[in-house]
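Chain residues, written in single-letter form:
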Amino acid sequence: MPAQSTELLQGTLDLLILKTLALAPMHGWGIAQRIQQVSRELLQVGQGSLYPALHRLEAKHWIRSEWGPSENNRRAKFYSLTRLGRKQLESELENWKRISGAIALVLQGS
Amino acid sequence: MALRLGDVWRRLCIRFFGASRVEVDEELSYHITRETEFRVAAGMNEEEARRQALIAFGGVEKAREQCHEWRIAVRLEALGRDIRYALRGLRRVPAFAVPAILTFAVGIGATTAVFSVVDRILFRSLPYHDAGRLVSIGIVAPIEPQEFMLGYSYYEWQDHQTPFETMTSWTGSSNCDLTEENAIRLTCASVEANFLPALGVGPLLGRNFTSEEDRPNAPKVAMISYHLWRSRFGNDPSVVGKTVSLDGTQVRVIGVLNKDFELPTLDNADVLVPEAIDRASQQGPNPGRVRWAFARLKPGVTIDQAAAAMQPLFQQMLMTVPPQFRKEVHLRLRSLRDRHVHDAKLAAWILFAAVMLVLMIACANVGGLLLARSANRQREIAIRSALGASKVRLVRQIATESLVVVLMGSLVGCLMAAILLRIFQAFTPQGIPYLERAHVDPRIVGFAVAASLVCGILFGWAPALPKPDMETLAGRSSIGTPHGRIRQLLVVAQIAVSLVLLAGASLLLRSFWNLQKQPLGMGTRGLVTASISLGELHYSKPEQQMAFFQLLETRLRKLPGVDAVVISDSLPPGGWHHDHIFAALRVEGKPPLAEGTGGTVAWRWVTPDYFRALSIPILRGRGFSEADRNSADHFMILSQSLAGYIFQNENPTGRHVQPGLEGPWYTVVGVAADVKNGGLMGGDEPEYYRLRRNYPEDWGRDASVTVATPIALGAMEHWMRSEIAVIDSTIAAVSQTMGERVSKLADRPRFEAALLGLFAMIGILLAAIGIYGVIAFLVAQRTPEIGVRMAMGATKMDILELMGMQGLRMIAAGTLIGLTIAVAASRSLSTLLFGVRPDDPLSFASVCLLLAFVAGVATWIPASRAMKVDPSEALRHD
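Chains as they are written, first to last, in this note's numbering: chain A, 1 to 110; chain B, 111 to 988.
Okay, chain B solo, but in the shape it has when bound (with noise of 0.2 Å):
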């Protein structure tokens, strides 16, 4: 059996590469061989022999050579040939290559471009061991909506859990400083002990915490990212048992994690250090710390089993959750990649649909220029063939044809997906993960070239195959018409999915129209802001803040052109907020005010200045004033919807509420309009503000500075940034003005609408240039019929109506399933719209009219040129 595989595999090699150089070398010395003997047989001496044989033989290495070149030459021919005749074929009509090989290149461009996106976000690997047997488990609750743990209960699951190997949690990352010489900002992350090994990673260098070191108290350790260890350490190995200082504080860095580490939450951390909590300090009324837990099944474990086996555990901490909220809590398991992915994954799966769509068109599209090219050479393969061209032979051209446009549509669309994927990353929006990283695979590449060759294997050889007869050569029978029919099959598809995919895309854009429209209930115009985060070293007392922020705050008031400042915690419409359940608020003489937790509540930390900066109208009372803030009691003001809310009719101002259910008691002095505050396509929570007096304890290490002024924008950028190093250069911050942070929020549905958009339009072009083909086709293959009729009285009206009707019944055909299918697919992109049903008529009825326009364009084109045909020069055609 190995003998018989070994031979096969010899005559594959053969076939493909020509005999070895081995073989003819063992061939020819046997020749040799039995030469000698032959003659010492007849009565020679061996070496006379041997000397005769080879003299016989005349030239041992001129035969062997030529043995090895004859089979590379004879292929070499062939295949040059092949290329020769089909370039040469290819040049002179240009009507079929230039459309063919940009078809290819628009499908395999952008598929490999969206691919390479989604790849990232769907189907990449994560950077742990064993990754598919890794899930985030927790409770899901109204305040937050990824899974979390809390406190006690976690240990409780820890230890008591069956269906994981392991158990592991982190509890957050906080901004913390590296305090030595040329302080830097750093992210740091607390995690448990066991983080890193069971997730199934270890450190570059040195080793993972040991459980002693997650006590309280134990001495501090910490590990540093691979790009913390490139950029400050400089790849120093040496690093590894080393003492950094860190908030002012002395930690022994214990190791080095991988390059590819990353955080299961996808969160940036540049320094793990262990959580250290004391686990009897987690136990009793308050809820304890918050932490993201992961776990990994055991194997054979499925996830649905392992939500099964936890729910005793979860049913026992419910039991410690007040009974108004029970309801509102459930627990959660799923994949890291779920949990990662989020709400990502439904763009992405709509991206991936979208282009998949694409490439269909683009197929179907050089399917149908295949078509109709093979139609066309009808003629010129009979003739080949009677001159005596092998049916093997006509096959080998016409696929060497097709071959050379699939290879050279796929350069160009190589070159297109790297262009497209720049653009992508040019408006990445935030919450894609990873897409910054993504890069033109070669797999994908090769996927999507493979699906081409595929569609030109099949629409390019099948016409190839029956071998022409005598009628071709004489080109007067009617070929082309089943293929002619598989051809508007083809448009009539390629008119519906494009109908699809701009059904899609309206919908985006005006979804995007619609937001970018709603009114925020603030104003956005002739406002700066800037984030300022201090630093530990310098600002780890509440008077040291309060200190800073003041001064600044004087200082740009002093700048000219300045209207208003204004220094908050957090900004609308979107982005961090505090927020908590409405259930937390007590109001002076009033009952309990939800059953449950009610939903949430937002607040912000703000200064006077705030409703006139931001225009935000007070419609009941008064607003905050300068003289509030050196007051020792507290004020807050209500959101209008709150109010209603709390106090339905009654009037709020006077009246006291303590929000958390402990500290002090504010006293409400108005009532503000509503500003949207869960980012732009969010619902918009009820809102309260409270104000930041001239007191320590009312401020904090962040803030948003926010600066009304009427000149230019950039300019007043530049004075607050100065500003802000004149009083401490260390300290970094973001400034950008309220139209660039408010337009960061339409990122998102901006680059969907835009991509779907892109597709949409690749789609109807290729739509176009389909229908295009198929009626120029048909109005050449009609001249003469054309001609006839004409010369029997049928008018240019009618000879238009004869070629448009086609045109016209392909439009219509494509236009009607592709008005199903898209009815019915747009439901998948209800929860991506914002003040546009799904079933919009109007967008429906836009797109069918556009696609009709620009299909009706490509009929017309072709149709009117069979009515300038003239009968007299049509007749005469062959």
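Chain A with its partners taken away, still in its complex shape (with noise of 0.2 Å):
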């Protein structure tokens, strides 16, 4: 466990979790866990707030879900990223560039 973690900022998790799975369908552990482990454990879901957001994204139809037998063959609930998901994906990760992008030139003028 680290010390310290960061909090997550608001209306970041929605572009982690997409990011997330773009990569593969995954079930709400696997999602916690991945992007804890990418952010080499800087980056903690707060994990009640992580099912109602994966609720929110699927009733936006941007992800889906399915129930599958999991890694050790239990039913898991599986999610995966749905076409209208990618997209926004893309707007997100754009918008998100453009405005780390800004705050990073303000930060640096200064």
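Calculated from the structure, these hints are not laboratory results.
Computed from a prediction, not measured in an experiment: that's the story for all the values here.
Incorrect hints may have been included.
Taking lysine-lysine pairs in the BS3-like style, the calculated list, with each CA pair at most 30 Å apart, reads [stated by the list, open to error]: (1) B:Lys172 / A:Lys60; (2) B:Lys854 / B:Lys455; (3) B:Lys172 / A:Lys19.
What follows is a set of in silico ranges between Cβ atoms, one per label pair, in the way DEER data are often shown [to be verified]: (4) B:Phe963 / A:His61: 35 to 41 Å; (5) A:His61 / B:Leu197: 25 to 31 Å; (6) A:Thr82 / B:Met902: 55 to 61 Å; (7) B:Glu147 / A:Glu41: 16 to 22 Å; (8) A:His61 / B:Arg595: 33 to 39 Å; (9) A:Thr82 / B:Gly410: 25 to 31 Å; (10) B:Arg595 / A:Ala22: 45 to 51 Å; (11) A:Thr82 / B:Val203: 36 to 42 Å; (12) A:Thr82 / B:Arg553: 36 to 42 Å.
Just so it is clear, CB atoms sit at the ideal spot from N, CA and C, and this is done for glycine as well.
Fit the two chains together into the complex; they arrive one by one in their own frames, and the hints show the way.
Below you can see the structure in the form of structure tokens.
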């Protein structure tokens, strides 16, 4: 366990989930693990907010869900990206890059 | 496969309702388990791992609730937004919303109400088992419009028929009295023992008749109707097995009929009794009892096949008919429903067609309004689209608006249906079966709403589909032109359909007018009638019957203001009267009168005042005198037409006639003018009158008492009733003025004319709204153009012509098409018409003029607005 973990910026959880699912369909726990791993334990997904986020994204038809056997052969709910979700991911990535670039510029400039 | 289906179903559920709670729970518990395992693998003990996992998760319950709420919230919010937006949008354009909702309401209301009525007549399920296989069978002859059977031939048919599973019959109903304390008048129907089983219905309580009980001299038994059971016996099940007194005879009640039981002829019956006819007595020279026969087809046998199979038996029966009548007797086999509907069928179908036309006009109207609306809001949509609204979102929003309009219209429409149905029932004519029991049927409301929805979708959604372009945004493109053409076509169709409706209505109205105005051959003013039926208990003998009526006659004569008192057994111009075939008249010194039946002849028992009271002139000879009543001779008066048939130019007075080919000879004393006697529409029969003398044999239990008076009829009616009550307070007399009686005969045509007239009015109103809308829209759209034209020197008349021509073209096209259809369609009305041809040029011309006038006004109003366009204003318009 890392001593400090960074709180997620408002609205970025959706982006992270979409990005993670873009690689492969995954269940909730897997998504949380993956984000944690890839961010080298820096980003801690508040799991209590992960599931509502997943359901919210599903309601927006960005992701879809399906029950299937997990790695250890138990029934788990797998999420995958829809076509709409892929588009959304692209536009959000674009957005993110622009904003983070802009913030970086501001921070460097001062 | 099953798994797949399950999956599809689950997805559908999720799509509409969100994931189920169970699923969310399972998902979350899976997460906790994995997290626990993960920590155990890292070396924690199981319990601690689980605790840590739960802590890390942070509030399982909260997450669970949030998962759930999210889905519902997203949907509700979107729906709420759409509805709010739709309502706000509709409020802003009352010129669209109000006519659209009203049109829907009228369309749905009228359709539902009429459909509910027609459904009872044409499509309701009959209360018998497998009613589709039940047929009515018998012979048709000039004396009776419905098929019937006679005496022994029925048994022959029943024994030797092949196409039916069973055959059954009943021999008609008669008045009977429940002769107990609080005696009441009932209707008893005599049926065969197998009557109920053949119809496939059982009793509610008790049992059916046995064949032993259907024999002469068997112990008397009866089944009572549900209504009688409730009103008289208070739903007491112990009535089965009890003995009651019917017409003074002890009868045991063996069963109670179902609530929805009805005789297959739709006659009313309170009590069913076995007919108990001795079969042997029906054999012989006499024709025997008249009965109405019904049969159940064997499975797979059609009506035509059955009719063919019955032909040999029919031919055999025909041999027993006197040869001169054979040509006029035919076999008839038809479904029970056809027999029920009989002459209401045409009226019902016409009603049905009319309402479908109204629904069509309504749909076209709403379609036109929606098209105009969508053309008007192209810009708004373009702006919203440019601001980033997705296409799905736009379509959904327009759909919501259409739905809101349809739903509000349906709501008002249901109310209207209920009101209309009340109105129909308020003037229910005789002979349209079951109208009084019709109710607004949810199935039918559903149908009408669905039909409106389809047209709402067709015209409301379609224009939203192509994505608006930048041209639209600028507001300079010529949008609406293709829509405009569809709208113009819709208006042409509306005008055409309205014309068809109007033409039908005007024909029926003229026919009704002719009916009301036709000479009846009798006076109807200053006459009050009361029909009286004497009870079996105290008036079973003709002496008692004569005594009652003579006493009543004497008492009525003493009343102030009474000019004449008549006691006859029936009254013109319609309703029941005696009749027999013309050939059954034997005239002294003449050969038999006719080769065949010669048609039918009507006759009545009357007292001497009859001709004076009803203002029927005596053309030759004299009327009956008071002295004739005490004579041992019999006297008759012929109608002018009958005298002409029998005696041509000879003088009939003093000649002798024997009606019915047996019994006494009658002396003809005079000839009276013809009076209508076949109802208002029916053909008239030649008629004769027998004098009711002071001999019991001339009297019966039933009579019509008529009083001629110059004083107020209401008061006289009251006095008559009290005079009747003074003699015997248990007698129920039905009294009315002669005017009411005659007017009631016109109920049916009045009903038909009024209904079709109502629909035609609705149609023309809707068509006017439609044409007004189109022209107003065109004017609004072309205002800048009009401005340019005026600036270039066009006069006001030029502008009026420009806009008016559009309307005139639509009116001309619609009228022409409508006229063609109307001329072709009006032929179907011909049997409902009286004294007017179905292609009556006057009706058609006046209808065209009316429609052209209304449509012209609807064009003029917006077109004249175009005339007042101020060029400088118009040119500044965006």
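A quick look at each hint next to the structure:
1. B:Lys172 / A:Lys60: Roughly 21 Å separates the two Cα atoms, so the pair holds.
2. B:Lys854 / B:Lys455: Between lysine 854 of chain B and lysine 455 of chain B the Cα gap is close to 20 Å, so the pair holds against 30 Å.
3. B:Lys172 / A:Lys19: Given that 30 Å is the threshold and the Cα spacing comes to 26 Å, the pair holds.
4. B:Phe963 / A:His61: 35 to 41 Å: violated (57 Å)
5. A:His61 / B:Leu197: 25 to 31 Å: holds (27 Å)
6. A:Thr82 / B:Met902: 55 to 61 Å: Because 58 Å falls inside the window, the suggested range holds.
7. B:Glu147 / A:Glu41: 16 to 22 Å: holds (19 Å)
8. A:His61 / B:Arg595: 33 to 39 Å: Hint holds: Cβ distance 38 Å, inside 33 to 39 Å.
9. A:Thr82 / B:Gly410: 25 to 31 Å: violated (56 Å)
10. B:Arg595 / A:Ala22: 45 to 51 Å: Given range 45 to 51 Å: holds, Cβ gap about 49 Å.
11. A:Thr82 / B:Val203: 36 to 42 Å: The hinted range 36 to 42 Å holds for threonine 82 of chain A and valine 203 of chain B, with Cβ atoms some 38 Å apart.
12. A:Thr82 / B:Arg553: 36 to 42 Å: holds (40 Å)
Comparing the model with each numbered hint stated earlier shows that hints 4, 9 do not hold.
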